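Novice: Sequences listed follow chains C, H and Y, in order. Take the first sequence: its letter number 458 is residue 458 in my numbering, and every next letter is one higher. Convert by adding 811 to the 1-based position in the second sequence; the result is the number in my numbering. Convert by adding 1080 to the 1-based position in the third sequence; the result is the number in my numbering.
These aren't lab readings, by the way, just hints derived from the structure by calculation. Do not rely on the hints blindly, as some may be mistaken.
Stated by the list, open to error - No more than 20 Å apart at the CA atoms, straight line, and that leaves these computed lysine to aspartate or glutamate pairs for DMTMM-like: (1) Lys1188/Y / Glu535/C; (2) Lys1188/Y / Glu140/C; (3) Lys834/H / Asp871/H; (4) Lys696/C / Asp1247/Y; (5) Lys696/C / Glu1211/Y.
A quick note: this is a predicted structure, and the numbers were derived from the prediction, not measured.
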Amino acid sequence: MSIDIPHPVRSKREGTAIPSLHAMKIDEVPSDQPLRRDGNLLLTGRAEFLDDIVPRGLLHAAILRSPHPHARIRSVDLSLAEAFPGVCAALSGERAVELVGPMPAFFDPAMIGCRTFEFRCLAVDTVRWVGQPVAAVVAETLADAEAARDLIRVEYDILPAVLDAEKALESDAPLVFETWDDNLLGKFPFAEGDAEGKIANAPHVVAGELRVGRHQCAPMETRGCIASWERSGKLVFWASTQNPHPIRTNLSMMLRVPEERIQVIAPRLGGGFGHKFNGYAEEPLVCALSRLAGAPVKWLETREECLLVGAREFLHRFRVGFGDDGVVHGLTDRIIGNIGALETWGGWAMTFPAGMTFPGPYKVGNYHVESMAVVTNKAPWSGYRGYGKEQAAMVLERMMDLIGQHLDLDPVEVRRRNFIPREVFPYWAGAKHLDSGNYAGALDKALELAGYGELRGRQALARKEGRHLGIGVAFELTPEGGDFAGSFLRGFDTSTVRVHPTGAITVLTGVTSPGTGNETTIAYLVARELGVPSENVAVVQGDTDACPYGFGSFSSRSIGTGGAAAVLAAREIRDRMSAAAAVLLDCEASDLKFADSHVRSMTDPTKSLLFSDVAQTVFRRALATPGLDEPLLEVTKVDRPHNFQLVPDAEGRFSAYPSYPYSAHVALIDLDVETGVVSVQEYSAVDDCGIVISPKFVDGQLYGAIAQGIGGALWEYQPYDDVTGGPIARTFKHYLTPRARDLPMFRLAHQHTPSPFTLLGTKGAGESGVSGAMAAMLNAVNDALTPLGVTAHQLPLNPQNILAAIERAKR
Amino acid sequence: MIRTRLLYHRPATLGECSDLLAKYVGNVAVLGGGTQLLPQMTRDEIHVEHVVDLRGLSLDTLVFHGDDIEIGAMATYADIMSSTELSALVPLLGRAARGVTGGSQIARQATVVGAVCHNYPGSDMPGVLVALDAKMRIHGTSGLREISASDFLLSASKVDLRPGEFVVSFLVRPVANIGYCKITHSTGSWPIATASAVRDHATGKIAVTLGAIQAVPIRIELDDLGQLDLQVRKAVVAPWSDVLAPGSYRAAIAGVVARRAIGDLQEYG
Amino acid sequence: MMQRPTLSEAADALGNEIPGRNISLTINARRLSAAIDDRQLLVEVIRGTLGLTGTHIGCLNGDCGACTVRIDGRIAKSCLVLAAGTDGSEIVTIEGYSPNGQLDELQKALWEHDAFQCGFCLPGHLFALRELLDDNPNPTERDVRDALVGNLCRCTGYVNLVTATCDAAKRMRKLSGELE
């Protein structure tokens, strides 16, 4: 089956400036790139986030959470809480089932044949994780809601709990869900060829284990939502969310309110990263509380509650067989993801790309990867930038370095020998139809940027002085734009472009911005199509009353879907306005150019009209003046990358991700072997996400992603207490995200191999960097430890874990 | 948020302060810089209905009485660091203060005495005060008393303060030769291990005080530097475990920090 | 410290007033009087009572710096201050950062260098960086990173914050050089 590409990659209008398809330097970008929108508001404290919204009569909710990892609820006594002064409502699970139906999952396991469970907004008879909502109180002030909450009396019968995923898989493990016969949500195999056979016959085999400790998003703004029932019966719901439309649909189902009578508004987000996917209990809960209290109710996630939400915890057992030349013959990885107690949150599915991303950028025809999603009594996962793909990157990049170490070959050379070569794209590689790539080129560029040879020289000198520098090279393939048909994670999105009589333009789009700047880019793209300044284009996002149905932000999709749809819509409007202007100017529509706020004949520049005049004339004279036949200057379009294979092809191949950006990373660290403390000295990366519309914003995304990857590799950790069964890190003093002094400057350079499958040649930017940074740190630390014969495969690579690895090697 | 019906007091005299603390014993907290107290009250880890602010007692001074330097309870890390006289006479204080986390905001809001009274093992100041042989000057309903820092620091998060009592200042003597070493995970991390090395001016002997390794600081007098590792191993009997690091790690690096602090003293101190 | 209230103690507590007082503040150069509860943190009063929502809450633990304001001329984390103790203080929030409504060189540089993304941590960072530049007109990269240790950002990796600040410092030195 061939891939359908209905839209030409280039614009029909040769006159409009489109970035060259050749590699571009940052300083060659057109100077009309707008600054990030609303900077003036953000810089002066006038930008509005969720907690800044204060409807009249607002009340505050506090949630009582389970102190036990697994227990039956014997009774919930709300009476004292209800009697506390200032309290307006209180709710337990038993009462809540009448008000709120079962919660739809962000990504329903049943869709892929896995078991699931019915989840309610408040626990009814059983709690399965420390932190699970059990009851809620609403009061006039947050302080009183919290004080009243302390007076709720719950009686529990403790049940055995299991926190460790491997223990959860044992035959005598306590069951997290009593209707299941074990704790395995699903097992996702990814295999081609005969990996075991190839490994058995390979001249060399290396095996290893990699443990990734539990860590998470921790955005600066925590979650929050406000529910307000208007007198008309309409529900207005504000949420710090990445997916307002799916929330609306879900609320409609859970609250049994017609969907058209619900408005969901996602205000500006203080960071998302997947933490703000929808599917949380607090969403319908706050609506029910508001209904009970007869007033708007706000709930704000505390930092401690925010640190409950998990996002990754994995164990890998891998093997790789290879030849004397370092070429991989076969590889296997058995992956266990500790997804916690499931719920309806958006994270468990990350166990799928964790396996699917293999074999990454490498030409390996024989691999067998199995990724298991295991439920335990830890708090569940929401999404997190990287979305599981960083797991494959870490294992593959360790393999490359281990092969190099084994053969005494530069690990850079090992990668070169294993890369998928640039000539073969588009290329099928294990559940991925790779669009385009020049992997070796990116790696070479990164090595040059980092001064790799000079780094090795410095390392050798340092070794003589007894200092341990480590150089980590890592390559990252980042599948983006995922489409999971059957869920609300789709690979397309919708935008409306509307021209007003005064020539102003509004774009209404289904994609949202968690702070990435896509609204600025979308405005820029539409302005460019219509030849007007960016400032004349308003972008409306996040309002379900105004915007076409969209799926929000995830999987780095906003420009490739909503942005592309906006461009298509703008082009059609331009065609309509061309037809009108042609009548008014008495020339051919094809002769007209839209630039500098004018519509001008290219052959006779004296024939020109202001863009705004064309617009105004259409409204005032369409269907009256002959030839002005189209009165509607509003178009809605859908677009998506055209590289999906959502129905298996003749050879049974399936690809849910259409875009494959990639990056190469080189890091230099200094490791104090007496204490295990790591200091990140230098960091370089080369990124290729195809055509780049907004270079500054793409760079910004890379910087942030790299920082999160470094944090996740070296310091961020959410440990669980075996006695209490709950998470121990409650504040940023416990959960160490990187600060300015922990990080060096990041050097970035770019390569541009466009996607042949997207309207603009873009591939998606936003997640790139996390995988590469985690793998680069892992390799750098191990590189520093090579002279001691030590392997460090326990993340985070904090001082105690590194020192423990050193001690183990001594024995 | 703070969820008790908190009443704020700002006494104008030391006596008034002690009277308030005695009157509301068990239900009152001392407010110094507030950087530890307020978050704990916000999370209801400390549940009191009265808070007594020391701000009105003029305790933010550094007084140089001849050989004794008296540093008031409300003196902040910034006050310590900006005193040129103090830097010359007791460089260890400024040296440790410079490494405290939280940015310049915390440096100006947090107090040394507050950190010592809080006595969280993973912190700098308890170890520093023990190394300097500091004396805590305490005011109670019967007036003033003094106690050595090591006696004051009872156990993790516990100090010798009785009903009605609060620390007004601590006293130190000049110590010129010092060395300091601190190990953290990353910039936001509290200390995992600290070591303060001081050389006695009269005897020339070096003492090293380990902080953050156990619940309270451990002071080790060294007759023979060659015995350092052995003495450290003997001294670390109950290493402290917390969310950032297990006791086994602290025990493993205790000797390293001690040695580095001494090296620092010998090279720069 | 007091134990959690027993059921009867809790019952006794019902009906008690929440202790409060009026405090006089100068906020962004305006003198006003605010009615506060003794238990309120300064950041609650700024955001709630005074409606100045540009100051943000990120952790309530003094770690993230999103609540940074200027109190009596120096920056402080307002989640670590009891409002009751600020009577008579002069407070500047982000809304008062630019009294004449114009962006200063630092703000312009941050915007031009794309030093912020979601912007949630921005007001706090602005205060920290502004204080750095006021104290040290010629900071090194290290100085800038040191000035930021009290503030957390999750979006930017701090890269452009550092570049922008050094650039702003350069431009400000040039401007003041030109004035002399």
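Novice: For every hint, state whether the structure bears it out.
Specialist: The hints, checked one at a time:
1. Lys1188/Y / Glu535/C: Distance of about 18 Å is within 20 Å: holds.
2. Lys1188/Y / Glu140/C: violated, 41 Å
3. Lys834/H / Asp871/H: violated, 25 Å
4. Lys696/C / Asp1247/Y: The hint holds at about 17 Å.
5. Lys696/C / Glu1211/Y: Violated: Lys696/C and Glu1211/Y sit about 27 Å apart, past 20 Å.
Hint check: violations occur at hints 2, 3 and 5; the rest are consistent with the structure.
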